[in-house]
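A.B. asks: Going down the list, the sequences are from chains U and D. The opening position of the first sequence corresponds to residue 31 in the working numbering, with each subsequent residue numbered one higher. The opening position of the second sequence corresponds to residue 5 in the working numbering, with each subsequent residue numbered one higher.
If you're looking for bench data, these hints aren't it; they were derived computationally from the structure. All figures in this text were calculated on a predicted structure; none of them were measured in a lab. Virtual Cβ for every residue (Gly too), placed ideally from N, Cα, C. Incorrect hints may have been included.
Unchecked claim - Partial chain U-side listing against chain D, Cβ under 8 Å, derived:
(1) K43
(2) N57
(3) G58
(4) R59
(5) F74
(6) G75
(7) T80
(8) G82
(9) P86
(10) H89
(11) E92
(12) G105
(13) M108
(14) Y111
(15) K113
(16) K143
To be verified - Here are the simulated DSSO-like pairs of lysine-lysine, each with C-alpha atoms no more than 27 Å apart in a straight line:
(17) D:K177 <-> U:K67
(18) D:K90 <-> U:K67
(19) U:K143 <-> U:K67
(20) D:K93 <-> U:K67
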Amino acid sequence: MYVWGMSKNHLYKGAISSVLLKLLEENGRMYGYELSKKALEATFGDLEITEGALYPALHKLEAEGFILSETEMHGNRMRKYYKLTDIGGIEARNRIEELSQFAINLQNFLIPKPANG
Amino acid sequence: MVKVLTPYELRELTLFLKRWGIDHPELLAEMVDHYGEKMLNEMAEGRKFQEILSSWKTKTTFHALRHIQREYEEIYPSLWRKNQWKVAKSILFGHDALWYFPLLVVLIWLYSFPSLIESFHVLLIMKIIAAFGIIIYFLIRKRTRYILSFRNFGAYYIFYTTIFQTAFRLVWKEDPEWQSPNMAVPVIIWVSIVIDYVYLQLWRKTLVETSSLTMEMLEEHIPKHQSSLQKPSR
Numbered sequence: 031m032y033v034w035g036m037s038k039n040h041l042y043k044g045a046i047s048s049v050l051l052k053l054l055e056e057n058g059r060m061y062g063y064e065l066s067k068k069a070l071e072a073t074f075g076d077l078e079i080t081e082g083a084l085y086p087a088l089h090k091l092e093a094e095g096f097i098l099s100e101t102e103m104h105g106n107r108m109r110k111y112y113k114l115t116d117i118g119g120i121e122a123r124n125r126i127e128e129l130s131q132f133a134i135n136l137q138n139f140l141i142p143k144p145a146n147g
Numbered sequence: 005m006v007k008v009l010t011p012y013e014l015r016e017l018t019l020f021l022k023r024w025g026i027d028h029p030e031l032l033a034e035m036v037d038h039y040g041e042k043m044l045n046e047m048a049e050g051r052k053f054q055e056i057l058s059s060w061k062t063k064t065t066f067h068a069l070r071h072i073q074r075e076y077e078e079i080y081p082s083l084w085r086k087n088q089w090k091v092a093k094s095i096l097f098g099h100d101a102l103w104y105f106p107l108l109v110v111l112i113w114l115y116s117f118p119s120l121i122e123s124f125h126v127l128l129i130m131k132i133i134a135a136f137g138i139i140i141y142f143l144i145r146k147r148t149r150y151i152l153s154f155r156n157f158g159a160y161y162i163f164y165t166t167i168f169q170t171a172f173r174l175v176w177k178e179d180p181e182w183q184s185p186n187m188a189v190p191v192i193i194w195v196s197i198v199i200d201y202v203y204l205q206l207w208r209k210t211l212v213e214t215s216s217l218t219m220e221m222l223e224e225h226i227p228k229h230q231s232s233l234q235k236p237s238r
């Protein structure tokens with residue numbers, strides 16, 4: 031369960047757009063609120079993407095051509111869905127690779143393996 | 005069944021977002037959906053609409069919304085160009101080419117009949133008058149922001165001013181009596197039809213993206229009929 035104060039948002043700063051690309055790669059078409067909920071679930075409550083971070087990141091990705099949007103009526107509201115473009119898919123894979131490498135390096139640095147011999 | 009906010013709740017939410025700094029129609033529509041969904045989730049936990057809305061009226065939300073609006077304003081020109089290009093591409097290379105190129109051929113063929121030359125001139129004048137009539141109507145009614153952005157509308161105005169100037173220079177200045185055939189006439193009519201079609205597509209796209217019909221209803225009709233609004237019962 032997510033508890034206020036447990037958020038480690040600052041650690042994820044700089045990785046938000048990569049997280050969004052990853053979520054879109056896994057789930058296909060998603061809307062803003064759904065993305066923020068999924069990010070929270072996927073990180074076990076660590077990453078709470080606020081509106082102030084989510085929408086500028088999405089709009090920037092759209093302007094860069096990595097994602098595209100389509101709107102449709104949902105109940106009595108208009109809903110904007112985002113999905114990856116072809117180059118967005120490549121970018122998503124590159125960023126995931128980059129982040130994974132970063133996580134491995136960070137782990138090696140924080141918890142060094144005991145030297146053999 | 006999809007859970008929805010009542011018209012009263014939707015209007016209150018829209019007004020809250022507008023007062024808290026979201027100004028751009030497309031962004032407003034997106035934020036209404038985001039906060040609407042958030043509201044419904046919190047209401048499902050037993051909280052009241054007004055209580056939730058009041059809890060959002062904080063400096064943090066204000067700054068967040070202002071930040072979103074500012075970022076969007078910066079990025080909008082690039083998104084706008086992408087949208088224009090997308091529409092232009094779909095029209096230039098899509099199935100629409102199946103009708104507008106044959107249309108040009110048909111117009112040129114019809115223009116070869118001497119009896120129709122004068123009708124073509126009248127048609128051209130009517131097209132230009134209609135275009136400027138549309139521009140004046142929307143400017144007077146101040147409807148452009150829900151139909152086309154001022155940027156789009158400015159481009160439409162420039163297109164038609166150019167068409168008018170070209171028509172004047174190539175057609176009427178050369179032949180004030182409208183007697184001799186001038187191939188520029190069917191071509192100019194065709195260009196103006198294609199431009200109108202592009203704008204119709206853009207208008208439909210903007211209409212969908214901004215949910216302008218909903219917004220018009222919320223902002224114009226509902227306040228005139230306050231009594232018909234349903235206060236939230238939850």
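A.B. asks: If you take the shortest Cβ to Cβ gap from U:G58 to chain D, is it below 8 Å?
C.D. replies: Given a least distance of 18 Å, the restraint on U:G58 is violated.
A.B. asks: With a cut-off of 8 Å on the beta carbons, see whether U:K143 makes it to chain D.
C.D. replies: 43 Å, violated
A.B. asks: Does the nearest C-beta of chain D fall within a distance shorter than 8 Å of the C-beta of U:R59?
C.D. replies: It is violated, given that the least Cβ distance between U:R59 and chain D is near 14 Å, above 8 Å.
A.B. asks: For D:K90 and U:K67, compute the direct alpha-carbon distance and say whether it is at most 27 Å.
C.D. replies: 30 Å, violated
A.B. asks: Interface hint check: U:T80, Cβ to nearest Cβ on chain D, cutoff 8 Å. Holds or violated?
C.D. replies: 6 Å, holds
A.B. asks: Hint check: is the beta carbon of U:N57 less than 8 Å from a beta carbon of chain D?
C.D. replies: 16 Å, violated
A.B. asks: Go through the hint on U:K113 and say holds or violated, using the shortest Cβ distance to chain D against 8 Å.
C.D. replies: Given a least distance of 14 Å, the restraint on U:K113 is violated.
A.B. asks: Checking one constraint from the list: CA of U:K143 to CA of U:K67, max 27 Å. Satisfied?
C.D. replies: 36 Å, violated
A.B. asks: Is the shortest C-beta separation between U:E92 and chain D less than 8 Å?
C.D. replies: The hint holds - U:E92 has a Cβ within 8 Å of chain D, the shortest such distance being about 6 Å.
A.B. asks: With chain D as the partner, please determine if U:F74 meets the hint condition of a C-beta pair closer than 8 Å.
C.D. replies: 19 Å, violated
A.B. asks: Are the Cα positions of D:K177 and U:K67 separated by 27 Å at most?
C.D. replies: 65 Å, violated
A.B. asks: At a threshold of 8 Å, is the proposed contact between U:K43 and chain D supported by beta-carbon distances?
C.D. replies: Status violated, d = 15 Å.
When the structure is compared with the earlier hints, violations turn up for hints 1, 2, 3, 4, 5, 6, 14, 15, 16, 17, 18, 19, 20 and for no others.
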